[in-house]
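Kindly generate the complete structure, drawing on both the sequences and the hints.
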Amino acid sequence: MSTVQIVEHDRERPPAIRAVPVRRPGRWIATGLAVAVVAVIVYSVVTNPAFQWDVVGRYFTAEAVLNGLVNTLWLTAVALVGGFLLGTLLAVMRLSGSPVLAMISRLYVWFFRSTPLMVQLLFWYNISLLYPRLFGFDTRNLISGLMAAVIGLVLYEAAQAAEIVRAGILSVDPGQREAANALGLSRTRVIWRIVLPQAMRAIVPPMGNQTIGLLKGTAIVSTIAVHDLLFAVQLIYNQNYQIVPLLLVATLWYMILTTLLGIPQYYLERHYAKGTDGEMPPTPAQRLRRRFAGGAR
Amino acid sequence: MTAGVSVRDVHKSFGPVPVLNGVDLDVTPGSVTCLIGPSGSGKSTLLRCVNHLEKIDAGEILVDGELVGYRQVGDRLYELSAKAIARQRASIGMVFQNFNLFPHMTVLENIVEAPVHALRMSRVQAVAAARARLAQVGLAERESAYPRQLSGGQQQRVAIARALAMRPKVMLFDEPTSALDPELVGEVLVVMRDLARDGMTMIVVTHEMGFAREVADQVAFMYDGAIIEAGPPAEVLNHPRHPRTAEFMMKVL
Ligand SMILES: Nc1ncnc2c1ncn2[C@@H]1O[C@H](COP(=O)(O)OP(=O)(O)O)[C@@H](O)[C@H]1O
Ligand SMILES: [Mg+2]
Chain A
1 MSTVQIVEHD
11 RERPPAIRAV
21 PVRRPGRWIA
31 TGLAVAVVAV
41 IVYSVVTNPA
51 FQWDVVGRYF
61 TAEAVLNGLV
71 NTLWLTAVAL
81 VGGFLLGTLL
91 AVMRLSGSPV
101 LAMISRLYVW
111 FFRSTPLMVQ
121 LLFWYNISLL
131 YPRLFGFDTR
141 NLISGLMAAV
151 IGLVLYEAAQ
161 AAEIVRAGIL
171 SVDPGQREAA
181 NALGLSRTRV
191 IWRIVLPQAM
201 RAIVPPMGNQ
211 TIGLLKGTAI
221 VSTIAVHDLL
231 FAVQLIYNQN
241 YQIVPLLLVA
251 TLWYMILTTL
261 LGIPQYYLER
271 HYAKGTDGEM
281 PPTPAQRLRR
291 RFAGGAR
Chain B
298 MTAGVSVRDV
308 HKSFGPVPVL
318 NGVDLDVTPG
328 SVTCLIGPSG
338 SGKSTLLRCV
348 NHLEKIDAGE
358 ILVDGELVGY
368 RQVGDRLYEL
378 SAKAIARQRA
388 SIGMVFQNFN
398 LFPHMTVLEN
408 IVEAPVHALR
418 MSRVQAVAAA
428 RARLAQVGLA
438 ERESAYPRQL
448 SGGQQQRVAI
458 ARALAMRPKV
468 MLFDEPTSAL
478 DPELVGEVLV
488 VMRDLARDGM
498 TMIVVTHEMG
508 FAREVADQVA
518 FMYDGAIIEA
528 GPPAEVLNHP
538 RHPRTAEFMM
548 KVL
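If you read the protein sequences in the order shown, they are chains A and B.
Positions 1 to 297 (the working numbering) are the ones given, in order, by the first sequence.
Positions 298 to 550 (the working numbering) are the ones given, in order, by the second sequence.
Hints were generated in silico from the structure; no laboratory data involved.
Computed spacing ranges between beta-carbons, pair by pair: (1) HIS308(B) with PRO174(A): 21 to 27 Å; (2) PHE311(B) with GLY213(A): 38 to 44 Å; (3) ASP54(A) with ARG445(B): 52 to 58 Å.
Here are some chain A residues pointing at chain B (derived, C-beta under 8 Å): (4) GLY175; (5) GLU178; (6) ALA179; (7) ASN181; (8) ALA182; (9) GLY184; (10) LEU185; (11) SER186; (12) ARG187; (13) ARG189; (14) ILE194; (15) PRO197; (16) GLN198; (17) LYS274; (18) GLY275; (19) THR276.
Just so it is clear, CB atoms sit at the ideal spot from N, CA and C, and this is done for glycine as well.
This is the structure we're talking about:
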């Protein structure tokens, strides 16, 4: 027979563990090697006169370059917004009860994902060969290079976004839809207010990736004579033959823009994380404000 | 306000698998029916059929004398539009095992959503009603919390308040306490007991035999897609007639 014991916890806490850390010589050697390689590359980039950093500096904010930059930016924005809206519609069609709508959505995605963007752009650029007149207008006037770029990018982006949104919708617990239906909410309300906001948590990160790809991908429109960032620097180096420094101008701008894109993504992810696992990390602005308030106290 | 439910010879299969094989059940207005039975016997499916989350293959279900999911003209059945079905569902409250609160909305937003957007109640009115329902389930101070910040018992009480805010004629509960830690079961049962006392018509799928014995007017035992025994709790729970019921009671007690 066992007897019940009441355990008293009045012992003193043992001292915290203090041990000598394990040595990792391999890691030290690898670190040293990597630093050396990086140093050599940086040294050559800075000292190789062929990079012509002074020319880079001169053209970095040239008017033609900035105009190209603006075009790249708004092309990206239009393709992102238009592609996301159309892609969401396609995803909803795919998941709707209608087999015909679902099939149309599948065909769309299949078609636009199975051909290179470059080919699609050239196609839109030359659409007047197929349809010389549209809605009573001369197609060549209607579809400029810029128009072809917008149409091509939006349609292509929509196919990518459709898959991302569909995966996002499927990641939402089916119980959510069920509860919303049981409450008598309409189908559109269930999708837009209950399912999609929760799907956004799974949509924003890959959509951010997709947008970075899109921003860089817009460079392809320079092949149909649209004045984007790449086209602008190409025009300049075709005249002055400073190829490398002007490509560096474009490179630096693309790097800056893709880096900046991380900021809205961060805030979107925070926004859609509402209501999930406890507290969210403070935004940089909140952190500043908190520090300020703390100092004042 | 409250209404009865009658289920007549309902059949339902998922593909080739029959799940409901001629279910009959009568729930009188203002009464509480506890539905018990082994896992997989079709209890959840039956509840889901009552508000047309699943379509039945044969038979009929009436809530408040009104056919669920269909409209009868002569001896022809017409499927109801999505809108009409949504209207029917709005008057049938449902509470799930996993609460299914909307995690991206606060407690108050969860409760106000359907009255405003399904019943077209004004926001002010809906918020006032929501606060009253929250008080009823003992959670008046938690209206701006998000569901994840609440315990399971609190979440389930919010889910009950959310269903009640629609002023339902009937409440369906599908194992409302099965996902809860044992010490949280009581707080949810108290709310349900109060609801029963206030005269709500309830169908409750549950394994809480104590609750069934105390609160139910009728206990129905489901086995293999049919209700094989139904009657007052003292009869069904203590002196089961059907050997399957007896066997089940042996296991759960
Ligand atoms: N959506 C579904 N598709 C296919 N089979 C299902 C579906 N829902 C339930 N079933 C099956 O129907 C049977 C009854 O399920 P259910 O009603 O959940 O039983 P209970 O709630 O009594 O445990 C089970 O065998 C289950 O696998
Ligand atoms: Mg079940």
